[in-house]
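2 protein chains.
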Amino acid sequence: MSSLIEPRVLKGFRDYLPAAEMARSTLVDKLEATFRSFGFVPIDTPALEYAEILLGKGGGETDKQVYRFKDNGARDVALRFDLTVPFARFMAEHCDELYLPFRRYHIGKVWRGENTQRGRYREFMQCDFDIVGTDCASADADIVLTIVSAMKALDVGGVRVRINHRALMNRFLAGQGLSEKLVPVLRTVDKQDKIGPEETKSLLAEETGDAIAAKIMEFIRPEATSSATLAKMLALCEKDDEQAAAAGTRLSEVFAIVEACGFGDSVELDPGITRGLDYYTGIVFETNLLAMPEIGAVCSGGRYNELASLYTTRQLPGVGAAVGLDRLLTALETLGKLGAAAPVPFVLIANTGSAPLLRLHGAAVGLRQAGISCEVYPEAKKMPHQYAYAEKKGTRFALLLDEQSLARHVYPLRDLVRRSTTEFSSFDALAGFLKGAIAG
Amino acid sequence: MSSLIEPRVLKGFRDYLPAAEMARSTLVDKLEATFRSFGFVPIDTPALEYAEILLGKGGGETDKQVYRFKDNGARDVALRFDLTVPFARFMAEHCDELYLPFRRYHIGKVWRGENTQRGRYREFMQCDFDIVGTDCASADADIVLTIVSAMKALDVGGVRVRINHRALMNRFLAGQGLSEKLVPVLRTVDKQDKIGPEETKSLLAEETGDAIAAKIMEFIRPEATSSATLAKMLALCEKDDEQAAAAGTRLSEVFAIVEACGFGDSVELDPGITRGLDYYTGIVFETNLLAMPEIGAVCSGGRYNELASLYTTRQLPGVGAAVGLDRLLTALETLGKLGAAAPVPFVLIANTGSAPLLRLHGAAVGLRQAGISCEVYPEAKKMPHQYAYAEKKGTRFALLLDEQSLARHVYPLRDLVRRSTTEFSSFDALAGFLKGAIAG
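Heads up: the sequence lines are chains A and B, in that order. If you're matching positions, the first sequence starts at 1 in the working numbering and goes up one per residue. If you're matching positions, the second sequence starts at 441 in the working numbering and goes up one per residue.
Please keep in mind that the hints were generated in silico from the structure rather than gathered at the bench. Warning: the hint list may mix true and false statements.
[Unchecked claim] Pairs of lysine to aspartate or glutamate, DMTMM-like flavour, derived with a Cα cap of 25 Å: (1) A:64 with B:516; (2) B:504 with A:76; (3) B:655 with B:710; (4) A:70 with B:516; (5) A:109 with B:554; (6) A:64 with B:511; (7) B:451 with A:76; (8) B:470 with A:82; (9) B:832 with A:96; (10) B:832 with A:97; (11) A:109 with B:472; (12) B:451 with A:82; (13) A:109 with B:516; (14) B:549 with A:190; (15) B:822 with A:96; (16) A:435 with B:472; (17) A:11 with B:522.
With these hints in hand, go ahead and build the complete structure from the sequences.
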């Protein structure tokens, strides 16, 4: 006894039991179907890379969150902590084998030694999709259209994609003489969703004084329509600001495409969306579920100028987004949209003890050929035990073949939810009924 | 320039470009469909675990192949090197939340610092499926049936599953007074596929003398039928050997089930199959493709007595197998069975420059609603450039909307393989044609 090893996982790590894993894989399947319908193709990269690749040159003071170590060949290696840095390395390495613009999606695990007290996991799955190698409204719009389409496919109710353009805010602040204070101002604006407009305003006033704070608050307040919001934002920038004008044109083009596609109701221009400070250079967006805004953004992203400048002199502008899989799973579960797929298996072929195993496995082959998942209970345990097993697994029906039913050539099927049994007079009738039950 | 970091992956690691990743995911999807049709459900476990869990207590002299290190909290951790050890820990930890017998599959990456000179990778994907918590013929047979069904679903031509029972060989060798020499004899028998019967016999003779070596060669030689082979094997064991008799009965039951399911042609009893030395205690099997036997076994496994004895006193007998994904991918590619799925995207909506972007994206929405994957080329580059892009991506068709075709309400579709263009007089006609083309 004392020599047993306690079975446990590392703090911040978790097992996926079948129900959770099936929910995750159903979600991922639906997202993949949407990505592919838009022409995105999948890639994968190694979990482990040179630390230099992931952290940059001279990454001496390692981020505490990174799992970094020396491998058995004394190489300085690390587990990937996101999918963006490996994608940048991937594009620099394989650019000549690929076709630009390159649309890829990547769904995979990443690792971060996060503080688990905040409910964070140290191993989690990320899901990114990007269009790299072009800077144009069509690509920007396609990312937004993909987001809205994916959320529709998940059946999570309506969504609100809040869109902004980094250049508009930057040029407005420059016009106010605040270019030096860009970072603290954006950081404060970014907090508005959490702390509310009052506190945002007083924090801004500390930075910029009351008059300019009021102007910033006016700038970031959405108007009744996105076009009214855009008109106001442009009016608050300097009149001859070409960068601001170009950003306005880009936003107009993106909104026009999204509206032409019938998705106009799901998007709005929100000048308060900033999405961090350094990385993004163009359009940015955040997506919330109308039914559950409180879980936060479920899909965010934006446009960046140079994806892979650490590894190549080639210019690789891009636009992309990341899906929050864990938040979406929480939402699907809360909204009761998880269990749509048929349980696995759909039918338990009970082992009554009086039918030969050959017959049970033969019936299973027939059901599988009809597209019905099923399993033979391997031993002739008592029926309540077998029913309990099936119910715990979520199995819907039990086929009760025994000596009598085999002699009478009938197929008794127990509905494990309704707790009633129906007798079918032929295998085809049984299979037909089950196919109908799976379909709906 | 000099400050750029060279983009490269670690030796023994690799990126998956879209074609390779789509091939892998198509293979995995088909395997999963078969597993689920047999009632297997998926799980996942962390990539990183306590080294003690993965390597056992006092794992002082670490296997050189294991990626083991101290994390930022000074925990002794390691990357999983297979899916079996994590599954054992998983079963010990979650037994009370699960239902026995527990049928699970698990597809995930594992890491081993292998010698890459032999063409081995240090990161690769494993695919295991097992039935745990029962020791009976039905479960043994179900693993064999799953293997044959999975290979049928992959359309790789016929397969040969060679089956044996470890107890028969062990009891035969015990009857010859060779219990002490079990390990070297099994190791030699295991080599027969590679070195041939002549050399096997002479190696055995060095161990056991000529007379017994001849007897072993007789024992491991398959007869014309599996039942004849089994009869001979039993005849060569001691007459009153109950373990041998029980093993013979089990094999007969398994073969009877497999034959009743119509899969008899794919299985045979081969007394030369041993599958390693320690782990397996009952039935063992190896699967080869008839079309490509030279790539080695594509699915192997067997029955074991105690899955999780390192972590729990609970008895967890099981039976399972592992699929060789890389070998199957090689086989599928060689046999020309990889490219069955429709390319992503199926249609490029070309950007002729004279049609508004809104119309291009609107057409894309319509095609997607009809189930056709498509993408809008984002910029109005020259047509040869757009065609080259589509061809490199494997896209089959290009929709050529321009000012003229929009004015005439027609839909010109270019077949990028046949290099011919057809004009459709309505969007429905276009969508109908494309749906037919996807279907085959």
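**OP:** Any hints from earlier that this structure breaks? Give me their numbers in increasing order, please.
**Re:** When the structure is compared with the hints, numbers 8, 14 turn out to be violated.
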